[in-house]
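Got chain B; can you put chain E on it based on the hints?
Chains as they are written, first to last, in my numbering: chain B, 1 to 224; chain E, 1001 to 1472.
Just so you know, not all the hints are guaranteed correct.
[Unchecked claim] A partial selection of chain B residues facing chain E, derived with a Cβ cut-off under 7 Å:
id, residue
1, T139
2, M186
3, S191
4, D203
[Unchecked claim] Quick list of the computed label-pair ranges, beta carbon to beta carbon:
id, chain 1, residue 1, chain 2, residue 2, range
5, E, G1079, B, S19, 29 to 39 Å
6, E, Y1189, B, R116, 11 to 21 Å
7, E, D1378, B, R17, 23 to 33 Å
8, B, R38, E, E1465, 50 to 60 Å
It should be emphasised that the hints constitute simulated quantities derived from the structure, not laboratory data.
Nothing here was measured: the structure is a model prediction, and the numbers come from that model.
C-beta: ideal position from N, C-alpha, C; glycine also.
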Amino acid sequence: MNNTGHSSRDRILQRLRASKPPFEDAPPRPAQYLPVTRLDEDADLVARFRAEVERLSGQVHLPPTALDAMNTVLGIVGEDKAVMGWESLPLPGLKDVLAAHGIQIVIPHARGDQRRAELQKAEPIRVGITGADAAFATTGTLALITNDQQGRLPSLLPPVHVALLRRDRLFPRIEDWLASEGRAAMSASASIALITGPSRTGDIEMQTILGVHGPGVVHVIILP
Amino acid sequence: MELKANRFVESATTAIRDRVLQTALDRGTTHALNARINAMSEVTDAAALRQQARAARLRALHSLPDLLEMLERKLTARGVHVLWASDGQECNRHILDIARRHHVRQIAKGKSMVTEETGLNRLLEGEGLDVVETDLGEFIVQIAHETPSHIIMPVMHKTREQVRDLFARELHMTPTDDPAALTAAARAYMRPRFIEADMGIQGCNFAIAETGTLITVTNEGNGRMCSSLPRVFVMAVGIEKVIETLDDFGTLLQLLTRSATGQRLSSYVHLINGPARPGDPDGPEAMYVVLVDNGRTSIYDGEYPEALACIRCGACLNTCPVYQNVGGHAYGWVYAGPIGAVVTPLLNGIHNAAPLPHASSLCGACKAACPVDINIPDLLLRLRADLVADGDADPAISLGVKGWAVAMRSPQLYEVAGKAASAASRVAAGYDETLHRLPGPLGHWTRNRDFPPFAAKPFRQLWRERKRQGRP
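With the rest of the complex left out, here is chain B (with noise of 0.2 Å):
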């Protein structure tokens, strides 16, 4: 960028290449890594994922058809008049059936000159409606990758996060997901969100307090 940032580059690296390296007889890496939850080999993935869920005060709905999915949604969106969303949701029809209901999609564009004007426009929405690119079941985790269709933003500012997850997205643990899809997100993609419940924080006395900048309210709609 500069001299100054160039020498001090070439300063660091030499500095750290001019002993012998530590830590010769390091354990190479692992031909198998031993992952850190427990799981049992037959155990029902969707039910440990909302039990997980559950516990950090989140709540998983199994709507049995593509329509309850929607009157769930329907239900969490209440009166309110408009929802931030992504361009690309995983529920065909939803967004017919939220503009049949005069509900409006806000898909806030919060770039260049323009950011500051959306990003106050997007503030007093409610409700933030997205996909999940994969899950995980023994932390509760979602995983939300940032692209053209599918913004940062909704997962992030409303207090309130409907996330749909097809049930074929759910990993047993993070472990698998990185190691089989990881290397192609990391590429395909500037940003991505691995959330697990709300938004919380326990920095007065330890005490639990949920939603502070995040969402403190957390759906996860698990597809049909």
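Only chain E this time, still in chain B's reference frame:
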């Protein structure tokens, strides 16, 4: 940040007498300690996982320069500007330059220990920039004009009542000690500041070289706000943060959150691979990474590179009997507790933090709690030896050790001296069977600690009696 580590004894003495602080520390450390123990008791195999995590850190440190270059290459290819800083001043200057180049006025800052080291906020504020700390704990510390006392829980030293009074004064809030209401007030204060911020600054938990991914781990969502809303995003990254692969990340991440707060995962783990891509509907237009040395290379080629394996979970603080009693501020710098007692002397020069290696009973609780099994008691002991070899020894202890050495060479002298000391100690010990003050030069020892009286029957006598009775 100003270094006050050489005032440890004085600060610790004040801390021990501070009843409010003692209440806060009791509440905080007990909770955190239990949370970690519960979380680590339910994993597949805690001992094996710690070794898996340790191996990942040691491998990364072994190839550190290569991994840093790989990380730089990957990030640069995605349009991230990578800058290097030899020291804190250079780090701060880089960030100030970035702010000026992008005509920044308002900054939203997420948690970053590196910029605590470099004292970034003071510089930026001095240059007329508006900086708001957005992590609740860091925000409390900022408006109280204090420094964080814990890596994970910055205001572990504060009670809710103190936060009530602070918010009433600084935010003109109706006094309440309900943490939910206090948190809501902080949220309301910060909301417009997030939206108006031109630049976000944040620290980094892990940097994955293989994929060029920077990780932030937060619970409140302030970190995602800082890295998603403002048009410019800057990350300050200590050069030791690099790890090799996504698989290593999987292990380290989960041991970090379980050890830090007892969570299976924190609410938000953000994997950042660069600024917003052209079609993205949101995200930063420009992204900078400042790779900060600030003393780390000297640890790397010194005697104690293991100190760089630390993943900053804070578990050793919560479990340490010294930290539990004196809190974080007594350590006099950014990093407190057992790992702080190692890192502070190493980053600042051992004679600038001479009391810290002694601020430990060497009980080993820190090593047992460490998710990457850093042998902290061993590092502390070796640092003490360095101090002594360098002429920084407590004269009373040197005298005591010399006396001990003489007595140990003569069984008769040892027995006589032992009996005399034993009898005297039992006479001198008061109603609480503890010696609060030893006589003469030995008084140095009891200036900051108590001394237990000797047992009525010494070991040698017990041994003789057992032999007489024919017991092994």
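Here's how the hints hold up against the structure:
1. The restraint placing B:T139 at the interface with chain E holds, with a minimum CB-CB distance near 5 Å, inside the 7 Å limit.
2. At its closest, the beta carbon of B:M186 sits 4 Å from a beta carbon of chain E; the interface hint therefore holds under the 7 Å criterion.
3. This hint holds: B:S191 has a C-beta 6 Å from the nearest C-beta of chain E, less than the 7 Å allowed.
4. Checking B:D203 against chain E by beta carbon gives a least distance of about 4 Å; that is within 7 Å, so the hint holds.
5. Take E:G1079 and B:S19: their Cβ atoms lie about 35 Å apart, and the range 29 to 39 Å holds.
6. Between E:Y1189 and B:R116 the beta carbons are some 18 Å apart, a value that agrees with the proposed interval 11 to 21 Å.
7. Under the hint 23 to 33 Å, the C-beta atoms of E:D1378 and B:R17, about 27 Å apart, fit the expected range.
8. The supplied range of 50 to 60 Å is met by B:R38 and E:E1465, whose beta-carbon atoms lie about 52 Å from each other.
Checked against the numbered hints given earlier, the structure satisfies every one of them.
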